[in-house]
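Novice: Chains as they are written, first to last, in our numbering: chain A, 4 to 247; chain B, 2 to 424.
Just so you know, these hints were derived from the structure itself, not from any lab. Fair warning: this is a prediction, and the values are worked out from it, not measured in the lab. Even for Gly, the Cβ is constructed at its ideal location relative to N, Cα and C. It is possible that some hints are incorrect.
Quick list of simulated restraints, FRET-style, between CB atoms [to be verified]: (1) K75(A) / S316(B): 29 to 39 Å; (2) E417(B) / D237(A): 57 to 67 Å; (3) L181(B) / N34(A): 42 to 52 Å; (4) S316(B) / E71(A): 31 to 41 Å; (5) I188(B) / E71(A): 42 to 52 Å; (6) N34(A) / L183(B): 36 to 46 Å; (7) G312(B) / Q143(A): 23 to 33 Å; (8) K77(A) / N157(B): 50 to 60 Å; (9) F287(B) / E71(A): 55 to 65 Å; (10) G312(B) / S172(A): 27 to 37 Å; (11) Q143(A) / L195(B): 43 to 53 Å; (12) S188(A) / E417(B): 33 to 43 Å; (13) S172(A) / L195(B): 56 to 66 Å.
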Amino acid sequence: MSDPIIKIQNMNKWFGDFQVLKNINLEVEANKKIVVCGPSGSGKSTLIRCINRLEEHQEGDIIVDGNELSEKTKDIEKIRAEVGMVFQQFNLFPHLSILDNCTLAPIWVKKMPKKEAQELALDQLKKVQIDDQANKFPGQLSGGQQQRCAIARALCMQPKIMLFDEPTSALDPEMIKEVLDAMVSLAKGGMTMIVVTHEMGFAKEVADEVIFMDEGMIVEKAETKEFFANPKSDRTKLFLSQIL
Amino acid sequence: MQTFNFLKPNRDNIKNYSIIGSILVLVSLIDVISNAFLKINLTFFLPGSLTYLFPLILGLMGLNMMRIDYSGNKTLDLLNKNINTNNFNALLTLLILFSVIKVLPQSLSWMILDATISGDSKDACTGTGACWTYIKVWFRRFMYGMYPNEFHWRINTAFILVIALGFVGYFMKENLKKYLALYYVIIYPVIAYLVIYYLISGGSFGLQWVETGAWGGLSLTFIVSFFCLIFCFPLGMIFALGRRSNLPAIKYISICYIEFWRGVPLITVLFMSSVMFPMFLPEDFFMDKLVRVIIAITLFEAAYCAEVIRGGLQSLPRGQYDAAKSLGMGYWKMHIFVILPQALKLVIPGIANTFLALVKDTPLIFVVGLAELAGMLALAKTNPKWLGFAMEGYIFASIVFWIICYAMSKYSYNLEAKYKTER
Numbered sequence: 004m005s006d007p008i009i010k011i012q013n014m015n016k017w018f019g020d021f022q023v024l025k026n027i028n029l030e031v032e033a034n035k036k037i038v039v040c041g042p043s044g045s046g047k048s049t050l051i052r053c054i055n056r057l058e059e060h061q062e063g064d065i066i067v068d069g070n071e072l073s074e075k076t077k078d079i080e081k082i083r084a085e086v087g088m089v090f091q092q093f094n095l096f097p098h099l100s101i102l103d104n105c106t107l108a109p110i111w112v113k114k115m116p117k118k119e120a121q122e123l124a125l126d127q128l129k130k131v132q133i134d135d136q137a138n139k140f141p142g143q144l145s146g147g148q149q150q151r152c153a154i155a156r157a158l159c160m161q162p163k164i165m166l167f168d169e170p171t172s173a174l175d176p177e178m179i180k181e182v183l184d185a186m187v188s189l190a191k192g193g194m195t196m197i198v199v200t201h202e203m204g205f206a207k208e209v210a211d212e213v214i215f216m217d218e219g220m221i222v223e224k225a226e227t228k229e230f231f232a233n234p235k236s237d238r239t240k241l242f243l244s245q246i247l
Numbered sequence: 002m003q004t005f006n007f008l009k010p011n012r013d014n015i016k017n018y019s020i021i022g023s024i025l026v027l028v029s030l031i032d033v034i035s036n037a038f039l040k041i042n043l044t045f046f047l048p049g050s051l052t053y054l055f056p057l058i059l060g061l062m063g064l065n066m067m068r069i070d071y072s073g074n075k076t077l078d079l080l081n082k083n084i085n086t087n088n089f090n091a092l093l094t095l096l097i098l099f100s101v102i103k104v105l106p107q108s109l110s111w112m113i114l115d116a117t118i119s120g121d122s123k124d125a126c127t128g129t130g131a132c133w134t135y136i137k138v139w140f141r142r143f144m145y146g147m148y149p150n151e152f153h154w155r156i157n158t159a160f161i162l163v164i165a166l167g168f169v170g171y172f173m174k175e176n177l178k179k180y181l182a183l184y185y186v187i188i189y190p191v192i193a194y195l196v197i198y199y200l201i202s203g204g205s206f207g208l209q210w211v212e213t214g215a216w217g218g219l220s221l222t223f224i225v226s227f228f229c230l231i232f233c234f235p236l237g238m239i240f241a242l243g244r245r246s247n248l249p250a251i252k253y254i255s256i257c258y259i260e261f262w263r264g265v266p267l268i269t270v271l272f273m274s275s276v277m278f279p280m281f282l283p284e285d286f287f288m289d290k291l292v293r294v295i296i297a298i299t300l301f302e303a304a305y306c307a308e309v310i311r312g313g314l315q316s317l318p319r320g321q322y323d324a325a326k327s328l329g330m331g332y333w334k335m336h337i338f339v340i341l342p343q344a345l346k347l348v349i350p351g352i353a354n355t356f357l358a359l360v361k362d363t364p365l366i367f368v369v370g371l372a373e374l375a376g377m378l379a380l381a382k383t384n385p386k387w388l389g390f391a392m393e394g395y396i397f398a399s400i401v402f403w404i405i406c407y408a409m410s411k412y413s414y415n416l417e418a419k420y421k422t423e424r
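Here chain A stands alone, though its shape is the one from the complex (with noise of 0.2 Å):
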């Protein structure tokens, strides 16, 4: 058994007088794929958002990659850089063109010479089948399209984990399928990968755990086909019973 990539241990987060997280504990090994799923508000953006300090912690700890983080982390840049984040909104930068999208970061951050990080980015727009557009502008492409961009962007960062939060939510059902084919080839290629999502079909395919999480705790923990096959608590078999 190897050393844990991410470690979180009793952590607990506020909003203000508001409990979203309460006494979090989760050991996530390399390469392995993590799906997080759960009722609306139950916090999972939240946790996965604390990962690469999107939001703040109050309680506990957070090691990512060895490094704690915590406000007298200094170089956060440094660890965000090693973690790739894909949104439910995709987030784009509208003002960039697709590839420049995806240079803008290793070029300013990573320091590498603007050829290589163009022939990064088309390889990796070429691997979401998107490197045709990639003189486009984001506002020019579809949904589907723009979230694939939004994946590749976040590659060319060269992460050792990818957290994904609701990537398909803001999505048509025929444009689902082409990000969650793109979300698989990357899971099958040995990322470490956290993803918050309800698409039950792509999680059985791929996640090796399965986490429920309702009102702020995790409620349930457990290998994927365990935890589909005879979940534990009373909540995830209510909440199996209307997602499937």
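Chain A is fixed; fit chain B onto it per the hints.
Specialist: Relative to the frame of chain A, chain B by itself:
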């Protein structure tokens, strides 16, 4: 409205109705035009008050006859949709048309037909029209202020040089493009300052020293506006970012700065800068009045710029910040590459607004004894040899300011169109 019903057209007879209607409107227009231009009263046979109302009644009847929901005739439909939707709008249309026609002959004859432009003294202006001779004689003063006539070429050369330097950015090589912002924010103003200092101020290279008190006219308007515009924008940007900073010290300093400068009138700021400020300086420290005024206006307008830019920053969705952060960008990289390009694009109209206001605020420097275009006008107005020509002067000044401001607003529209991308 029973009486008017017989005037209502339908789709079958609209052709006849519209012909009769337009003839009626035409007659009413001819009546007003002949009255205004030729001073002939076509309806002299009518009793007094009816003479005035006659064209109005005729026009209203005509427009009423032409009014129909849909006729199929493009011109007629356009007319009905925009200026002839109901009786009230028809009335307004006619009144505006008539007033324009009434005013036109007087203003035309005053400004052009009866105006004088020949000669070079007040005696040439004997007619009843405008005295453009006054503008002609004072033209150099209005442009260059009290600057000695034989040195005007220095101002011209300096301006041409500064404008030419401004275009350098367009011809920069591809690999130097990333220094563009640096060039415009720091290098360009410094070079422009040196050019203006050595050429217009003089004092070295065999050029005679001309003190800033003698500068004036439109050239001074340009100098003050130029430096204020170029400095207040980056300063405003800094305070806009500062106000949104997470660091309390920076945040509250920015808030205090912005609220202070927005709270005081520009005229008091200018007064302070020229009267109070030197008292606090050491004896041997000298700062030119013009420089002090430019600094004062810059600091003042920077506060306005800051709030405009902050509006742009606030309108960006949080996701843009999240995405930039998640890619490992720090505060400065995130703002330079992701946030500011988008925010500044959004605030182009607001910034143009502030800049136009700035240019039109420059006449206020008259209170500290600097006479730019409007200031020169005020001086010329009180010249005993040329009393009584304030009107011509102010019309001239408004035309000049309008041209400057219109050019600026046109430029801002172009910028908007250039940087428009779909979200």
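Novice: Would you mind marking each hint as holding or not holding in the structure?
Specialist: Hint check:
A beta carbon spacing of about 33 Å between K75(A) and S316(B) agrees with the range 29 to 39 Å that was offered as a hint. At roughly 58 Å, the beta carbons of E417(B) and D237(A) sit within the given window of 57 to 67 Å. Between L181(B) and N34(A) the beta carbon distance is about 45 Å. The supplied range of 42 to 52 Å therefore holds. At roughly 36 Å, the beta-carbon separation of S316(B) and E71(A) lies within the given 31 to 41 Å, and the hint holds.
For the pair I188(B) and E71(A), the beta carbons lie near 44 Å from each other, so the given range of 42 to 52 Å is met. Distance hint check: the CB atoms of N34(A) and L183(B) are about 45 Å apart, consistent with the given range 36 to 46 Å. In this structure, G312(B) and Q143(A) meet the distance hint of 23 to 33 Å, their C-beta atoms being roughly 27 Å apart. Between K77(A) and N157(B) the CB atoms are about 56 Å apart, so this pair conforms to the stated range of 50 to 60 Å.
A beta carbon spacing of about 57 Å between F287(B) and E71(A) agrees with the range 55 to 65 Å that was offered as a hint. With their beta carbons about 30 Å apart, G312(B) and S172(A) fall inside the hinted range of 27 to 37 Å. The hinted range of 43 to 53 Å is satisfied by Q143(A) and L195(B), whose Cβ atoms lie roughly 46 Å apart. Against the hinted window of 33 to 43 Å, the Cβ-Cβ separation of S188(A) and E417(B) comes to about 42 Å, which satisfies the hint.
Restraint check, S172(A) to L195(B): a C-beta distance of roughly 58 Å satisfies the suggested window 56 to 66 Å.
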